[in-house]
Amino acid sequence: MKKIITTLFIISFLLSACGSKKSVLPDDTLYKSNKHIDDKNTKNIENYSNVTETLLGTEKVLVEMSSTLGVKPKKLKNEKLYSFVHYWLDVPYLWGGDTHSGIDCSALTQQLYQEVYQVEIPRTSDQMFWFDGIKRFKKQKYLEEGDLIFFRINKDKTISHVGVYLQNNKFVASGSSGGVQIEDLKNPYWISTYVASGRVVSLPKE
Numbered sequence: 007m008k009k010i011i012t013t014l015f016i017i018s019f020l021l022s023a024c025g026s027k028k029s030v031l032p033d034d035t036l037y038k039s040n041k042h043i044d045d046k047n048t049k050n051i052e053n054y055s056n057v058t059e060t061l062l063g064t065e066k067v068l069v070e071m072s073s074t075l076g077v078k079p080k081k082l083k084n085e086k087l088y089s090f091v092h093y094w095l096d097v098p099y100l101w102g103g104d105t106h107s108g109i110d111c112s113a114l115t116q117q118l119y120q121e122v123y124q125v126e127i128p129r130t131s132d133q134m135f136w137f138d139g140i141k142r143f144k145k146q147k148y149l150e151e152g153d154l155i156f157f158r159i160n161k162d163k164t165i166s167h168v169g170v171y172l173q174n175n176k177f178v179a180s181g182s183s184g185g186v187q188i189e190d191l192k193n194p195y196w197i198s199t200y201v202a203s204g205r206v207v208s209l210p211k212e
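In the numbering used here, the protein residues as written are 7 to 212.
Hint data in this document are derived by calculation from the structure and do not stem from the laboratory.
From a predicted model like this one, the values you see are computed outputs, not experimental measurements.
Ideal placement from N, C-alpha and C gives every residue a C-beta, glycine not left out.
Accuracy of the hints is not assured; some may be wrong.
[As the list claims (entries may be wrong)] With a Cα cut of at most 25 angstroms, we get these calculated SDA-like pairs of lysine to any residue:
(1) Lys161 with Lys192
(2) Lys176 with Ile140
(3) Lys176 with Val77
(4) Lys81 with Glu150
(5) Lys163 with Gln117
(6) Lys192 with Asn84
(7) Lys141 with Arg158
(8) Lys161 with Phe143
(9) Lys141 with Ile197
(10) Lys81 with Asp190
[Unchecked claim] Restraint-style ranges between C-beta atoms, simulated for each label pair:
(11) Lys66 with Gly184: 17 to 25 angstroms
(12) Ser198 with His106: 26 to 34 angstroms
(13) Pro79 with Asp162: 36 to 44 angstroms
(14) Val77 with Trp136: 31 to 39 angstroms
(15) Thr164 with Pro79: 34 to 42 angstroms
(16) Asp162 with Lys80: 38 to 46 angstroms
Could you build all of it, start to finish, from the sequences and the hints given here?
Following this line, the structure appears as structure tokens:
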């Protein structure tokens, strides 16, 4: 009887040991498996960091721009527009210039429309004013984001300066005094030189 019990015990032990051996991964396989998971997680973390950095960069631009315009960040819904403006701020004025080394008012306006709205408009401020694709109006209370604003600074010309309206009576333009700046329409100088505003009729809606 004892021999039978002993034999059964040994058989049971051997079966148990074999089963355990099959269920446990060798140390090197376990290490490789964990390493694979760690690498994947690290890659995901890096990708998340890049995305977060981009989002934070855009958010920072919108916060800075909203502060300058005197509005809440959530009102700046056209991120492409305000990123464009932020990129060009403080670039020096250069008559006939169209690069980051120097740019004039009409080139800035033309490039803004090309990059932000994918719309082609004429090169000079006077050409823009008379362009068939622009609907002109006088009263500033009708201004909307993206509208053109025309001024007569040079008395020899009907139109000699142009900017793009943003929000809260502010517009962006490149001027000889400070380069690309955000200006206030309520400034007496702009009040005295203002001619009219214009809306590009082919401007795509968001």
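Verification of the hints:
1. Lys161 with Lys192: holds (21 angstroms)
2. Lys176 with Ile140: holds (20 angstroms)
3. Lys176 with Val77: holds (11 angstroms)
4. Lys81 with Glu150: Judged against 25 angstroms, a Cα distance of about 13 angstroms means the pair holds.
5. Lys163 with Gln117: holds (23 angstroms)
6. Lys192 with Asn84: With Cα atoms ~24 angstroms apart, Lys192 and Asn84 stay inside 25 angstroms; holds.
7. Lys141 with Arg158: holds (18 angstroms)
8. Lys161 with Phe143: holds (21 angstroms)
9. Lys141 with Ile197: Holds, because 21 angstroms separates the two Cα atoms, which is no more than 25 angstroms.
10. Lys81 with Asp190: It holds: about 18 angstroms lies between the C-alpha atoms, which stays within 25 angstroms.
11. Lys66 with Gly184: 17 to 25 angstroms: Given range 17 to 25 angstroms: holds, Cβ gap about 23 angstroms.
12. Ser198 with His106: 26 to 34 angstroms: With a Cβ separation near 31 angstroms, Ser198 and His106 satisfy 26 to 34 angstroms, so the hint holds.
13. Pro79 with Asp162: 36 to 44 angstroms: Hint holds: Cβ distance 42 angstroms, inside 36 to 44 angstroms.
14. Val77 with Trp136: 31 to 39 angstroms: Holds: the Cβ-Cβ distance is about 32 angstroms, inside 31 to 39 angstroms.
15. Thr164 with Pro79: 34 to 42 angstroms: Given range 34 to 42 angstroms: holds, Cβ gap about 38 angstroms.
16. Asp162 with Lys80: 38 to 46 angstroms: holds (44 angstroms)
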